[in-house]
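Asker: Here are the chains, one letter per residue:
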Amino acid sequence: MHPQRKKRLRLILFLVIAVGAAVGLAMYSLSQNINLFQTPTQIANGEVPPGRTIRAGGLVVEGSVVRDKEGLGVTFRVTDGQSEVPIHYEGILPDLFREGQGIVALGQLDNSGVFEASEVLAKHDENYMPPEVQDALEKAHLDGKAKMENANSSDTDTSYGKGAGY
Amino acid sequence: MENLALYLPEIGQFALILALVMAVLQVVIPLLGVNQGQLWLMGYARPFAVGQALFLVISLFVLAACFVMDDFSVAYVAANSNSLLPVQFKISAVWGAHEGSLLLWVTMLGLWSVAVALLSRSLPLDMVARVLSIMGMISVGFILFTLETSNPFARHLPSPPMEGGDLNPLLQDFGLIVHPPTLYMGYVGLSVAFAFALAALMSGRLDAAWARWSRPWTTAAWIFLTVGIALGSWWAYYELGWGGWWFWDPVENASLMPWLVATALLHSLAVTEKRGLFKSWTVLLAIFAFSLSLLGTFLVRSGVLTSVHAFASDPERGVFILALLGICVGGSLLLYAIKAPTVASVGRYEVVSRETFLLLNNLVLVVMALAVLTGTLYPLVYDFMGLGKLSVGAAWFNTMFVPLTVILAVLMGLGAASRWKKDTLPRLAGVTAVAALVAIVFAVVTPFIVQGEWQGKVVLGLGVAAWLVAATLADIWKKSHGKLAKIPKLGMSYLGMVLAHTGVAITIVGVTMVSNYSIEKSVRMSPGDVETLGDYQFEFTQSGKIEGPNYTSQAVRFNVIQDGEVIEQLTPEKRHYSARNSIMTEAAIDVTLFRDIYVSMGEPLENGAWGMRLQVKPFMRWTWLGAIFMALGGFLAMLDKRYRRRVGVAQA
Numbered sequence: 001m002h003p004q005r006k007k008r009l010r011l012i013l014f015l016v017i018a019v020g021a022a023v024g025l026a027m028y029s030l031s032q033n034i035n036l037f038q039t040p041t042q043i044a045n046g047e048v049p050p051g052r053t054i055r056a057g058g059l060v061v062e063g064s065v066v067r068d069k070e071g072l073g074v075t076f077r078v079t080d081g082q083s084e085v086p087i088h089y090e091g092i093l094p095d096l097f098r099e100g101q102g103i104v105a106l107g108q109l110d111n112s113g114v115f116e117a118s119e120v121l122a123k124h125d126e127n128y129m130p131p132e133v134q135d136a137l138e139k140a141h142l143d144g145k146a147k148m149e150n151a152n153s154s155d156t157d158t159s160y161g162k163g164a165g166y
Numbered sequence: 001m002e003n004l005a006l007y008l009p010e011i012g013q014f015a016l017i018l019a020l021v022m023a024v025l026q027v028v029i030p031l032l033g034v035n036q037g038q039l040w041l042m043g044y045a046r047p048f049a050v051g052q053a054l055f056l057v058i059s060l061f062v063l064a065a066c067f068v069m070d071d072f073s074v075a076y077v078a079a080n081s082n083s084l085l086p087v088q089f090k091i092s093a094v095w096g097a098h099e100g101s102l103l104l105w106v107t108m109l110g111l112w113s114v115a116v117a118l119l120s121r122s123l124p125l126d127m128v129a130r131v132l133s134i135m136g137m138i139s140v141g142f143i144l145f146t147l148e149t150s151n152p153f154a155r156h157l158p159s160p161p162m163e164g165g166d167l168n169p170l171l172q173d174f175g176l177i178v179h180p181p182t183l184y185m186g187y188v189g190l191s192v193a194f195a196f197a198l199a200a201l202m203s204g205r206l207d208a209a210w211a212r213w214s215r216p217w218t219t220a221a222w223i224f225l226t227v228g229i230a231l232g233s234w235w236a237y238y239e240l241g242w243g244g245w246w247f248w249d250p251v252e253n254a255s256l257m258p259w260l261v262a263t264a265l266l267h268s269l270a271v272t273e274k275r276g277l278f279k280s281w282t283v284l285l286a287i288f289a290f291s292l293s294l295l296g297t298f299l300v301r302s303g304v305l306t307s308v309h310a311f312a313s314d315p316e317r318g319v320f321i322l323a324l325l326g327i328c329v330g331g332s333l334l335l336y337a338i339k340a341p342t343v344a345s346v347g348r349y350e351v352v353s354r355e356t357f358l359l360l361n362n363l364v365l366v367v368m369a370l371a372v373l374t375g376t377l378y379p380l381v382y383d384f385m386g387l388g389k390l391s392v393g394a395a396w397f398n399t400m401f402v403p404l405t406v407i408l409a410v411l412m413g414l415g416a417a418s419r420w421k422k423d424t425l426p427r428l429a430g431v432t433a434v435a436a437l438v439a440i441v442f443a444v445v446t447p448f449i450v451q452g453e454w455q456g457k458v459v460l461g462l463g464v465a466a467w468l469v470a471a472t473l474a475d476i477w478k479k480s481h482g483k484l485a486k487i488p489k490l491g492m493s494y495l496g497m498v499l500a501h502t503g504v505a506i507t508i509v510g511v512t513m514v515s516n517y518s519i520e521k522s523v524r525m526s527p528g529d530v531e532t533l534g535d536y537q538f539e540f541t542q543s544g545k546i547e548g549p550n551y552t553s554q555a556v557r558f559n560v561i562q563d564g565e566v567i568e569q570l571t572p573e574k575r576h577y578s579a580r581n582s583i584m585t586e587a588a589i590d591v592t593l594f595r596d597i598y599v600s601m602g603e604p605l606e607n608g609a610w611g612m613r614l615q616v617k618p619f620m621r622w623t624w625l626g627a628i629f630m631a632l633g634g635f636l637a638m639l640d641k642r643y644r645r646r647v648g649v650a651q652a
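Quick note, the sequences are listed as chains A and B, same order. Position one of the first sequence corresponds to residue 1 (our numbering), numbered consecutively onward. Position one of the second sequence corresponds to residue 1 (our numbering), numbered consecutively onward.
No lab work stands behind these hints: they were computed from the structure. Computed from a predicted model, the values in this text were never measured in an experiment. A portion of the hints provided could be inaccurate.
Stated by the list, open to error - Below 25 Å or equal to it, Euclidean Cα-Cα: the simulated BS3-like pairs (lysine-lysine) are:
| no. | chain 1 | residue 1 | chain 2 | residue 2 |
| --- | --- | --- | --- | --- |
| 1 | A | 7 | B | 489 |
| 2 | B | 479 | B | 489 |
| 3 | B | 422 | A | 6 |
| 4 | A | 7 | B | 421 |
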């Protein structure tokens, strides 16, 4: 091979390897840093292993908010209309955190089934429903209906992707 | 007079329709002139551009007047204003939501077109005609979009509400008066570089002259983008009430992507102008920069961010913008594919040369933009494929950005110190060795002095920042032969670069320090309580009520104590806006150049206690100060003699 071409080929090979490695690292890092949203029903069904960082959310159950006597700890439950998950959080809650409001929390499930949140999000708009929560509610609703209509079919995924109503 | 006020919204809408007509003429007539070689037809480009802008400005002013006069028969005014709203917020409410911000967007496009029309005396008429015609096409698309899907003048008739729903309290703030217009000026300004690139492609004249015309325009848009992004970050910091200044939120990312590509474009244009190289690459960057601004508009405006389903169930707006985006990107890339192969870059350069460093720099900037794009679109694609909902954490963006910024800063120092065409590593090493040494010593010693603790990331951040400044200073020293008097003679372009690069270093220092050395705590506090954070004590002295024009707030007063002395009184508030029945946190911040003290209120607890968030954030201001330096640097570069010299020659 012509030495000039050999040099160029080597350069191209180097670039391909470098770019490949960079993309690989980026994608690996991406897979480590994505936080999947799980519905209260999925959590209640034991689909989420303790310790994995996920996003969970639903409507804050009326009357479920209990504050610690000392410090800023607070415990509340969220629901998708079918199942409830207890969430514990230590810190300042957002302005729009209210009972009955849709919220999303980032954190991990501990071994006793309590979701330990490191962040609680409620959007700055009183009419806003986090889309994840909206989906979870609809899914639970349809699941419930399907169960009533057909006792044998326990899980349907038909609601997904339609997302009507918002 | 009263009758006129009654029909004001219709006048505004009519003006908008006339602007559309003007825009269509601005597209067709000049292009026809180019095609037929008729100078008199091309000559219409300028008057049509002025006419279009005039009607757009009238339309925008009419909308503002509707807000000021509390005309709640206009649906948009009713939804976003209130008779109790202070007048400056009534005006900024014009761009407080979708419809009005689109009108602002097209009006700015009109104003940029006028600027091009008026400041292009040195340009051949056929280029002016092409550029304005292309800008007219964008205008037609967006005015149609406004009229068709998002008319700000639509009425609530026959029974208009008596009172408006009020502007979102988050947006009732000085930051929102200035942030969106500045950012939009940047977004829309990139259309000029885009139009210049396409015009040059169409005419086949991709030469140094084209690059020289494009440069000041691109720089102007870039300045607005830089300031707009910094303002947005500053606004989020003090207004959202929890002290974050960058969230890797899709809306922020939408503004960062065009900025990164525009920065690459600025540097690529420099090579094209000085050396006649990288022509196709420069054109591609111009196309991408503007396409990313459009993508940003699409992401923010289509509802696709709230949910891909929101987009699917109310597709009108989203599909329209997506179509505009498709036509714009597809059309320009098609033109590029046809014309670019005929463009040859002449001139050679060695592996070690300024050209190479600028090319590498460009690559890093584009990779950064691609990383942001990936992180922003990944959740959308994932959701769209029905795989579920997820979010990409800030950690990922940081993992990508930190190393890339380090590489970028190292290359910036080398690039500025290197020579065009041909340089050698030994020479470059000789010039920059002292700078490297200074940077390493500075980076290792400073964290000890400032914080008394040592962190790898801080050493790296301070190291590259110091390297950037030191390498730049070494270059000035060499170019001016050590004589201060010679420095002003180095040229405005060069001094602008120095200032902008220093700005990057300042921002790196700010981001490094505030990310690694910020301390905060969330505590329950009652009147009389004292909390210690870092070197400061926070004493809760009293709580009370404040009456605002359209809100009431519960406020808490703090003494901030350092070394036994009260250095500042801070009064954070919790505001209740009655019209929307919404609660807002108003943080209190004590600012110095080297640290911010940030106090915000959480919720009321029993017995007059409050949840409080206390934060000390070192070097916070540097993050934005750097952006001011970058913008000033850009401004200096725009003032360079050679952009005006051409004008003089042409007029003579």
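Asker: For every hint, state whether the structure bears it out.
Answerer: Evaluation of the provided hints:
For the suggested pair residue 7 of chain A and residue 489 of chain B, the alpha carbons sit about 43 Å apart, so the restraint of at most 25 Å is broken. A hinted pair counts as satisfied when its Cα atoms are at most 25 Å apart, and residue 479 of chain B with residue 489 of chain B qualifies at roughly 10 Å. Annotation: proposed proximity of residue 422 of chain B to residue 6 of chain A holds, straight-line Cα distance about 23 Å (limit 25 Å). Restraint check for residue 7 of chain A and residue 421 of chain B: satisfied, since their Cα atoms lie roughly 21 Å apart, inside the 25 Å limit.
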